[in-house]
Amino acid sequence: MSCCEGGSPQPETPEAIGRRAFLSRAAAVLGGLIGAVLAGVGLGYFISPALRKKVGSWVDLGRAGSFKPGAPVLVEYTQRKRDSWITSESRSSAWVVTENGKDFTAFDPRCTHLGCPFRWHAEEKKFLCPCHTASFDINGKVLGGPPPRPLDRYETKLENGQLLILPKKQEHA
Amino acid sequence: MSAVYLWLCERAGIDKIWETLFARKVPHAKGPAAWLYTLGSATLMIFTIQFITGALLAMSYAPSPDHAYDSVRFIDDHVLLGRLVHGLHHWGATFMVVLTALHMMRTYFMGAYKYPRELTWMVGVGLFLLVLGFSFTGYLLPWDQKAYWATVVGGNIAGQTPVFGPYISKIRLGGEDMGAATLTRFYAIHVLVLPALIAGAIGVHLFLVIWNGISETPKRAGKQVAP
Ligand code: HEM
Ligand code: FES
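Sequence lines, in order, name chains A and B. Take the first sequence: its letter number 158 is residue 158 in my numbering, and every next letter is one higher. If you want my numbering, it's the 1-based position in the second sequence plus 1000.
Where hints are given, some of them may not hold.
As a list, the in silico SDA-like pairs of lysine to any residue whose alpha-carbon atoms are at most 20 Å apart [said to hold, decoys possible]: (1) A:Lys54 to B:Phe1074; (2) B:Lys1025 to A:Leu23; (3) A:Lys102 to A:Phe67.
Just a sample of chain B residues kept apart from chain A, beta carbon distances all over 12 Å, derived [unchecked claim]: (4) Ile1014; (5) Thr1020; (6) Met1059; (7) Asp1077; (8) Val1079; (9) Gly1082; (10) Leu1102; (11) Met1104; (12) Tyr1115; (13) Asn1156; (14) Val1163; (15) Ile1168; (16) Lys1170; (17) Arg1220.
Hints in this document: simulated from the structure, not taken from any laboratory. Ideal Cβ placement from N, Cα and C applies to all residues, glycine included.
Sequences and hints are given; from them, build the entire structure.
Here you go:
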């Protein structure tokens, strides 16, 4: 090591960069790198809820034969749900509709406008929402009122004569 | 120089601030001894990491006996990079104590605590106690067997204090026994009280470091040293 060790400035030559310039550049690069990794890790952790896949599980709503064609019913069920680190049992419901006793549709019981619980009105043969007077037909199509889209559906399947649904909140842009 | 930079220089004197904070004169230390001067900055770096990772952990941590353990498991197993963030905070906690102690030893053995830096040292002692406070309160939060019993033992040690022992113990535990109130107490101290205190103390400490400048390395007997 020469007498110049330490912080004293060195003559700047066009090709070679001085010790001071080299060190400050190295510090900036290394610091930037460490900062970028930390920021990336923090960001990933912070936004991870947006990336997490929704998992639902099938719920048994009872014998398929017990549903009368043309008469939607609100079926209540209990579901074990994972809420982050809490596993809770929650009661929810779904509207079950069948027109022929073979094909089933299950509607999310929340109005597609702002989430109020709607009801089936047998005389009018419509789903009516009390909040802002929306109406839907038996297939969930909007007949009137403010909702931007038809009723949300849950996946359904039949297994050994039982009707199963997959309750899942829909994603809407 | 960019227009933005000049604009900021005129209005906020950022060039002067930069000069005072970073372009200040430091002692001409040689060889391995020079590295000892980095210990304070290393401690500061770890503190920053603890601050960031701690804020992230708090987003998914529940300070209640029936959920604390599960929420930590949730961070480890289900949050993206959660195990890494938790790990950084866990190991950072240990390194923070080690680095603070080493930094304290370097300022002691180099005599950096002498005139005019006594106040820097005194604030430093406060910082050391705060760092230990973080360690002690943070250790309970995972609420696993080790955390629980370590805190029971720590508490019993404090409980041995003559006369005041039983009172100290009850205040610390938030009641007769270790329980829900102990956990919320430790959590509040760990994430609210201590961070506020240490941020202020670090501010004063660093101000004093810049105000007094960094001390010279000690010289062999007979040589003059600048204060
Ligand atoms: C949170 C913990 C601490 C942080 C972040 C911190 C930070 C710093 C920094 C960045 C410096 C300047 C660079 C250096 O000399 O290393 C410094 C200097 C100093 N620190 Fe600390 N420090 C902490 C704890 C302590 C403790 C526990 C003591 C002693 C009881 C202490 C005593 C001193 C002294 C006397 C100086 C002046 C050194 C000199 O002028 O040569 N610090 N500290
Ligand atoms: S919420 Fe149903 S109409 Fe507005």
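Status of the hints after comparison with the structure:
With a C-alpha separation of about 16 Å, the suggested pair Lys54 of chain A and Phe1074 of chain B falls inside the 20 Å cut-off, and the hint holds. With a CA separation close to 16 Å, the supplied pair Lys1025 of chain B and Leu23 of chain A stays within the 20 Å bound. Between Lys102 of chain A and Phe67 of chain A the CA atoms are separated by roughly 10 Å; this keeps the pair inside 20 Å, and the hint holds. Every CB of chain A is more than 12 Å from the CB of Ile1014 of chain B (nearest about 17 Å), matching its label as outside the interface.
Once the 12 Å rule is applied to beta carbons, Thr1020 of chain B is consistent with being away from chain A; the minimum gap is 17 Å. For Met1059 of chain B, the shortest C-beta to C-beta distance to chain A comes to about 7 Å, within the 12 Å cut-off, and the non-interface label is violated. Annotated as non-interface, Asp1077 of chain B brings its C-beta within 12 Å of a C-beta of chain A; the closest such distance is 10 Å. Consistency note on Val1079 of chain B: stated as away from chain A, yet its beta-carbon is not over 12 Å from all of that chain's, at 5 Å minimum.
Not every C-beta of chain A lies more than 12 Å from that of Gly1082 of chain B, the closest at about 6 Å, which undercuts listing it as non-interface. The claim that Leu1102 of chain B is not at the interface with chain A holds, since no C-beta of that chain comes within 12 Å of its own (minimum 20 Å). With a least CB separation of 25 Å from chain A, Met1104 of chain B remains clear of the 12 Å interface cut-off, as annotated. Residue placement check: Tyr1115 of chain B keeps its beta carbon more than 12 Å from all beta carbons of chain A (closest about 25 Å).
Every CB of chain A lies more than 12 Å from the CB of Asn1156 of chain B, the least distance being 30 Å, so the non-interface label holds. At the 12 Å boundary, the C-beta of Val1163 of chain B stays outside the reach of chain A, the nearest C-beta of that chain being 42 Å off. Here Ile1168 of chain B stays apart from chain A, with its beta-carbon at least about 33 Å from theirs, past the 12 Å limit. Distance check for Lys1170 of chain B against chain A: the nearest CB is about 30 Å away, which clears 12 Å, and the non-interface claim stands.
Every Cβ of chain A is farther than 12 Å from the Cβ of Arg1220 of chain B; the closest lies at roughly 19 Å, confirming the non-interface assignment.
Figure legend: structure checked against the earlier numbered hints; hints not met, in rising order: 6, 7, 8, 9.
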